[in-house]
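From first to last, the protein sequence lines are chains A and B.
So the first sequence is residues -18 to 72, counted in the numbering used here.
So the second sequence is residues 3 to 414, counted in the numbering used here.
Check each hint, because a few of them may be wrong.
As the list claims (entries may be wrong) - Which residues of chain A face chain B? A few of them, derived with a C-beta cut under 10 Å, are:
1. K(-15)
2. T(-13)
3. R19
4. I38
5. F49
6. L67
7. A68
Hints were generated in silico from the structure; no laboratory data involved.
Small disclaimer: the values here were computed from a predicted structure and weren't measured.
By construction, the Cβ of each residue, glycine as well, lies at the ideal position given by its N, Cα and C atoms.
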Amino acid sequence: MSLKITVPTPLRRLTDGADLVEVEGETVSEAIDQLEARYPGFRARLCEDSGALRRFINIYVEGEDVRFLDNLATRVAAGSELSIVLAIAGG
Amino acid sequence: MSFVKGLKCRECERTYPKRPIAGCEDCFAPLEADYDYDAISRVLSREVIASREKNIWRYRELLPLDDEPVIGRSTGATPLIRADRLARALGVENLYIKNDSVNSPTLSFKDRVAAVAVNKALEFGLEAIGCASTGNLANSVAANAAAAGLPAYILIPDSLEQSKIIATSIYGARVIAVRGNYDDVNRLCCEIAERYPWGLVNVNLRPFYGEGSKTVGYEIAEQLGWRAPDAIVAPMAGGSLITRIQKGLKEFERLGLLNNEVRTRFFGAQAAGCNPIVDAVKRGSSDIRPVKPNTIARSLAIGNPADGYLAASTIATSGGWAEDVTDPEIVEGIRLLAETEGVFTETAGGVTVAVTRKLIEQRRINPDELTVIAITGNGLKTQEAVELAPPIVIDPRIGQFENVIPQLTAAA
Chain A
-18 MSLKITVPTP LRRLTDGADL VEVEGETVSE AIDQLEARYP GFRARLCEDS GALRRFINIY
42 VEGEDVRFLD NLATRVAAGS ELSIVLAIAG G
Chain B
3 MSFVKGLKCR ECERTYPKRP IAGCEDCFAP LEADYDYDAI SRVLSREVIA SREKNIWRYR
63 ELLPLDDEPV IGRSTGATPL IRADRLARAL GVENLYIKND SVNSPTLSFK DRVAAVAVNK
123 ALEFGLEAIG CASTGNLANS VAANAAAAGL PAYILIPDSL EQSKIIATSI YGARVIAVRG
183 NYDDVNRLCC EIAERYPWGL VNVNLRPFYG EGSKTVGYEI AEQLGWRAPD AIVAPMAGGS
243 LITRIQKGLK EFERLGLLNN EVRTRFFGAQ AAGCNPIVDA VKRGSSDIRP VKPNTIARSL
303 AIGNPADGYL AASTIATSGG WAEDVTDPEI VEGIRLLAET EGVFTETAGG VTVAVTRKLI
363 EQRRINPDEL TVIAITGNGL KTQEAVELAP PIVIDPRIGQ FENVIPQLTA AA
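Excised from the complex, chain B in its bound form (with noise of 0.2 Å):
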């Protein structure tokens, strides 16, 4: 059962047999999945979708794989949360969180590309798998990988925190730390994908793990009842995410799904220490200046994005814009939307709600608008990102307990 006629370039529209393939052999640009959809619309139905399992594949004929998923079943359906305190707090009357902090199995959106790519190796009989990542796609990897019995070969740059590093060697997963950035590790993992008869989830399986992100859009599509948002608000890192929830949605217009029409203007988020796609958008192009990372996001740190160009031209078409924010910011988003919602997000998710804040005050987004900010990644994972006041020690007494009550209160 496939619904994927093969593969075609972006740009050239060359078209090539579903295989691991970087991108197109002419032109060098990404290739996408070519679906069938006028045979998808005569299956896909909100009755059919709605009567299946709660994750991922019950969208599964937007999704390139040929045969039965084997893993990834607990991946998707992450809450949409109406954030009616963080409204409150940014000056607003209707917001939503989608909250992929808590994916499944690796607690980020990565769970659903990672689970994509896993499969197609599988499908493709590939000997092992493996990725270039600044962490969350690496502990994804691994646990899809794990679950699969495939071994891993995941490559991260030397610089990354200690839980990410820990929550991709527990899975067995052989872990290679990179003197360098991500960009720099990026370069090995072609290199080696060029040698080793591996998938490489970000370079050979690229054309069908991206894919996976689609999914974000056809979840905040149905949980809000069948209808795209007025605006969504993404974290940017290599582009592919924002753009890949924006085909989403269009798909689900295509195939008739929503009430409404897809007008949604999509708005990016990255730190200021790593831009390149927000500096773009500001400059009205989406010709990409590389630029070298240096910030506490590092899950957003690439400063050569592949799908940077298409992220840009996205933002710009669908009528939306780009922010970036200081590291402090980022912290302080973090802060945010942990008191207001209950909601501990890693760094990117602190960018995404400090951009918010901003383009709220910038009046790009108003304070009517159905709007939906992306929550891609947990706060367990960068614990590191945020120093707190160490918590008050007392002796198992009632006195002293009563003595430190007036501080605790004060501080709140």
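The following block holds chain A by itself, in its conformation from the complex (with noise of 0.2 Å):
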């Protein structure tokens, strides 16, 4: 199943530039395992040694923050839509 990912500007010097990435998977880990293959050391930009989301990093699926939803374990629908957004500042 085809996802499109939203790659911020940070890690586009892993993704030769792309700002949008097409990868295959069920799952948002699973999904990060394909970029993983593809860009080595993707992973690590975004997810602790201890394999959680870095504190910094918000991954949305289809606009719903994964952190209300599964974490990392969340299915995502063949097309869906998934961002990597950097945490920022408000108010």
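Taking the hints as your guide, dock the two standalone chains into a single complex.
This is the structure we're talking about:
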């Protein structure tokens, strides 16, 4: 199943500058596996050594923060949009 | 003239030159302006500060501008009010209000951060400025951009109070209401920052703009006679303000500007309907679990606060605490401050007053401690939140007036 992943600027050095990458996978975790296979080092940028999502990284599936879903085990439907977004300030 | 050597990652300490940038490219943590404090200590003294105009730029060496400020000459220097009537109502003796509800130009503490951000955008030569906002930042970025002659793109949640929308649009800002909550708006804003060569205040100008909040700490200390208070209660949305007030006090201490040691305990205030930082503090953690906001305190309705972890650890290491209050308690807080001190604050201020009451009841703040409450916004912007009985209507006849007097005095 094909997923569209939006890649933020700081990670595009890994994707040869691509801001949109398509991968296969049924969960967020599988999508990250695919990114890692294609762009070695990608996982370490998103996840701590423990495997958990880094504090300053948010991943959204169809606009929903995966922390409200099943974290990295969140299932993703074919054609879903997955955004990787850095945490930012507000007010 | 600049005392900022560059930017530095708060976590991994990687350094960057001064430029618009959202965060560390290695670990994505926030970046901080890296000051040359030795050089600052050679030029900045109490006398120098006291001799300058009363605005945030009297502390200019500690703010991240390279050039002289172009806009924001009226910003800051808000009153620190000794609040004896409120103190009596809450059962304490030594209470002050830092009243940013009368900040300039747009009546909230966000005038401090927006002034820094818009000046910085001018220095960088950016062609437009923008932000994601729960309202107060929108007002201030729009006003300051107008004064600077920069186009402003302001993204807000579509549920925002009418008065906050009007007080943004009036400046000619390009306002976009986004279906969703603040966190949705923020996410979109991040993606916009990737595509357009603009200064997005809370995205790629973040390392600079947050520094403006330190001036709340500087002013409190200066107004108390160069002293740090025992306790400060501040509202928390993204979590930045409370950490920057502490940073400001610590910087003053480091520069030898204070008469006492900074032992200030920091207390964070949130609404029960959006309390991710309070929840972390109560768990004894700095790990933030995001929430979906549901509160009348829309200016604090950030479910995934970017500086939440830092706010939680600032509170814990200072020996403070955090509490939350319900929507009815927020309204009570607004009324209590208005009726005791003549200060009409917005919902965020209601949160802060109501949380202060709770902390005093819990004896986390002791009656004789010098306590400052940060009131960050103006009640005229969130009038929808407060429902009051309409005035009694009479004909212009003295007899009718005299008839209603007993009713009025009974209600008071």
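Cross-check of the supplied hints:
no. : hint   : verdict
1   : K(-15) : violated (13 Å)
2   : T(-13) : holds (7 Å)
3   : R19    : violated (20 Å)
4   : I38    : holds (6 Å)
5   : F49    : holds (7 Å)
6   : L67    : holds (5 Å)
7   : A68    : holds (4 Å)
The earlier numbered hints that this structure contradicts are 1 and 3.
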